[in-house]
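Sequences listed follow chains H and E, in order.
The opening position of the first sequence corresponds to residue 2 in our numbering, with each subsequent residue numbered one higher.
The opening position of the second sequence corresponds to residue 291 in our numbering, with each subsequent residue numbered one higher.
These are computed hints drawn from the structure, not numbers from a lab.
Small disclaimer: the values here were computed from a predicted structure and weren't measured.
All C-beta atoms, glycine included, are put in the ideal place defined by N, C-alpha and C.
Be aware that a few hints might be false.
To be verified - Stretches of chain E that chain H covers, calculated by requiring three or more beta carbons in the stretch to come under 8 Å of a beta carbon on chain H: (1) 301-310; (2) 351-358; (3) 365-371; (4) 398-405.
Unchecked claim - Derived list of chain H stretches under chain E, where covered just means 3 residues or more per stretch with a C-beta under 8 Å from a C-beta of chain E: (5) 101-111; (6) 421-427.
Stated by the list, open to error - Beyond 12 Å from chain H on every Cβ pair, some chain E residues (computed): (7) A313; (8) Q327; (9) R339; (10) E382; (11) Q408.
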Amino acid sequence: MTTATHAMPTRSDLVRVSQHLWEIPRSFRDDMRAPARLYADEALLDDALGDRSMEQLVNTATLPGIIKYAIAMPDIHQGYGFPIGGVVATRLPEGVISPGGVGYDINCGVRLLASQASVDEVSPFLAELASLLYRNCPSGVGVHGVIKLPDAELDEVLVEGARWAKDHGYARQEDLQHTEEFGTMPGADPEFVSHKARERGRGQIGTLGAGNHFIEVDRVAEIFDQPAAECLGLFPDQAVVQIHCGSRGFGHQVCGDYVARFQTTVRNYGIELPDRELVCAPFESEEGQQYFHAMACAANFAFANRQVLAHRIRCSFEQALGGRVPRFDLHQVYDIAHNMAKIEEHEVGGTHMRLCVHRKGATRAFGPGSAGLPGDLRDIGQPVLIPGSMGTESYVLIGTHGSMQQTFGSTCHGAGRVWSRARARKTVRGQQLRQELENRGIAVRTGSMPGLAEEAPQAYKDVSRVVDVVSRAGIGKKVARLEPISVIKG
Amino acid sequence: MQHFQEIEHTADWAFRAHGRDLAQLFANAARGMFELQGGVGRGETSVVRRVAVSGVDCETLLVNWLNELLYLQETQHETYSRFEILEISDTELRACVHGRPSRPEGKLIKAVTFHDLQVRRSEDGCEAAIVVDV
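With the rest of the complex left out, here is chain H (with noise of 0.2 Å):
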C-alpha cells in the first residue's frame, strides 16, 4: 500500500449548501463514497482551505460503509488521518471502524464542575487555590499520593471507568448521572489490551498529562438561555471549573497497537485507502471487534482519569477555601468525550440505522428527548462543553433537533488550531504570554514555558466565531459563556 498525492480542494469545488453548509460533491475525487461537507463561515471557510484539513476530510469520505456525509465541523484543522473536527458514521454491519478515526487521545474531553461560590467570594484564594490545583493534579502527586492500580484493579478500571471511581470514594452518583454514557462505555474488553498499554496507564489515573491539556477556574460570563442555565446550576458570576484530558499513555497504546495491527488488516478485507493512518476493518469482523473492546477500554479508563481528577479539584477547594466561602462545594454539570466511535441508532431518510459514528475533534450533541440522557436534562437536550484557547473564553450549549437531523448529533468541539506549533513557539515567549494573562488577573500555573507558547491564544481560532457558526447552523445552542480567572497547565 502506498501513500497518493491527491489534489488539494480548493474554493472553486465547494458548493454552498445553505449560509454555513459548503460541499464537495462525490464527483470531486474517483474514490470518495460520498460528498464532505463543512460547516463554515466566510472566513472559517478560508481557514479550513489554509492547511490540508479539506485533504484529509475528502480522505474520510472514501472509508467503506460511509453514509450520507464525510462532515467537518467549524473548528476543523489539519490532523493526521481524519481532520480534527471530523464526524464520519459508517452502517452497521458492513461498515468499517477506524482507530485513526477517533485518535490516540481515545476519549479525550471536557468536564465542567460548577461551585454555587461567587467570583468575588473566590477571588481573594485564588492565587493558593492555583498553586493547590497545580500541586495536586498534573502530576499525578495527588492529595492522596500517586494511584497504582495492580492488574485485577486496573481491570475494573478498564470495565467500570466512572463507576470504578465511586466504589474507591471518588465520585458522587450524580456525578455519574452528568457523564456521558454515564462514565461507563459498553462493550469493554481487557483481554484485548496489550501489556504495554497497561503498562503505560497503570500510573497515569488522577494525572493531567501535558500538550493542549488543562484545568482551568472560570466565572461564568454571561448567560444566553435562563431555562436552560438553571436547569445546568449555572448562573452569572458564579465560580466553575473545566477539566480538558483524556485517556494518556494507555490510550496511545492501544491507537498504536491497533493502527499498526490493520496495516495487515485492510489487505486482507481489500480496502484502498489514501492515507495509511486511515486503517479500519468492518465493525463487525473479529479485528473491528478487538478494537472496540480495547477502545472501550481506553474511554473507560478516561472517563476514570477524569473523575478522580474532579475528586483531587473538589479536594483541592476544600483546602483553599474551606472554612473561608461559603457554598464551594463543586457539582458536575457533565462530562463530555470529543475523540470517540459510538454505536447508536440514527434516523437517515426516514429509516433507523445502526451506525458507527466517528467523532474526532467533535463533540456529541444529543437533543432533547434523545435517548441516553439523565432524566432531569431530558427536555433541554444533552449540555456540549467547548474549551476555548487558552486565556479566551468558552461556552456551554446543548444538544439541538437540528444536530441530530444534520450530524448524526454532534457538533464543534473547540476553537481549532490556525498556526502550526512551530510558529507559536518562534512567535511567543511563554514567559510573555504567563505575565499578559496575569496582567489580566488570570493565575497562571504551568510545568513548561515552550509548552505555554505553543498554546498561545494568537494560535488558535476565535472561538467564538466557532460557536456562532453552529448555532447559526442549528447544530448546537448557546447556554453559557465562561471566562478564565486561573489556568493549570502540565
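Got chain H; can you put chain E on it based on the hints?
Leaving out everything else, chain E in the frame of chain H:
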C-alpha cells in the same frame, strides 16, 4: 546534511529525517523525536536498552521503532540520545539505545503516526517525513 528538520503542521509536530542508509535514517529519526521533546541532555549516558521490533514493511517498522522508544521513555522514565542499529531489514530491527534517567518536562509526543508516511530511497540515501501526535 542536518539529520532532521522540523516541518510545519497545524495541530501536531512533523519532521523530516535523512540518512545515508536505512540504519542511519532510523537512528536520526529517533534522535529528532527526542530533540523535539526538549533535547537529550548532556554528559555521559548511564542506561542501555536493547530493542527489537518488526513490521510488515519499512514504514510500519519505522513507526513501531519510534513508538517502542516512546513506550520505554514513558514507562522507564528515561531519555535516549544514542541509537546503535545492530541489524536492520525492511521488516526487522535490533538496536541498542543509550540514555539517562529523566522525568519529562513539558511537551511529550503521544504517538508516531502513519500519516502520509513513505520511506523514500534514492542514490543520496533515505528520507522520511514523520507526523507525530502531541
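How the hints compare with the structure:
1. With 3 residues having a Cβ less than 8 Å from any Cβ of chain H, the region 301-310 of chain E passes the three-residue criterion, so the hint holds.
2. Given as covered by chain H, the region 351-358 of chain E passes the check, having 3 residues with a CB less than 8 Å from a CB of that chain where 3 are the minimum.
3. For the region 365-371 of chain E, the proposed coverage by chain H is not satisfied: 1 residues have a C-beta within less than 8 Å of a C-beta in that chain, short of the threshold of three.
4. Coverage of the region 398-405 of chain E by chain H holds [criterion: at least 3 residues with CB-CB distance below 8 Å; count 7].
5. Residue count for the region 101-111 of chain H with a Cβ under 8 Å from a Cβ of chain E: 4. That meets the three needed, and the coverage hint holds.
6. Closer than 8 Å: that is the beta-carbon criterion, and the region 421-427 of chain H has 4 residues meeting it against chain E, so the requirement of 3 holds.
7. The claim that A313 of chain E is not at the interface with chain H holds, since no C-beta of that chain comes within 12 Å of its own (minimum 21 Å).
8. Once the 12 Å rule is applied to beta carbons, Q327 of chain E is inconsistent with being away from chain H; the minimum gap is 10 Å.
9. Its beta-carbon lying about 14 Å from the closest one in chain H, R339 of chain E satisfies the requirement of being farther than 12 Å from that chain.
10. Here E382 of chain E stays apart from chain H, with its beta-carbon at least about 15 Å from theirs, past the 12 Å limit.
11. At the 12 Å boundary, the C-beta of Q408 of chain E falls inside the reach of chain H, the nearest C-beta of that chain being 5 Å off.
Taken one by one, the earlier hints fail for this structure at numbers 3, 8 and 11, listed in ascending order.
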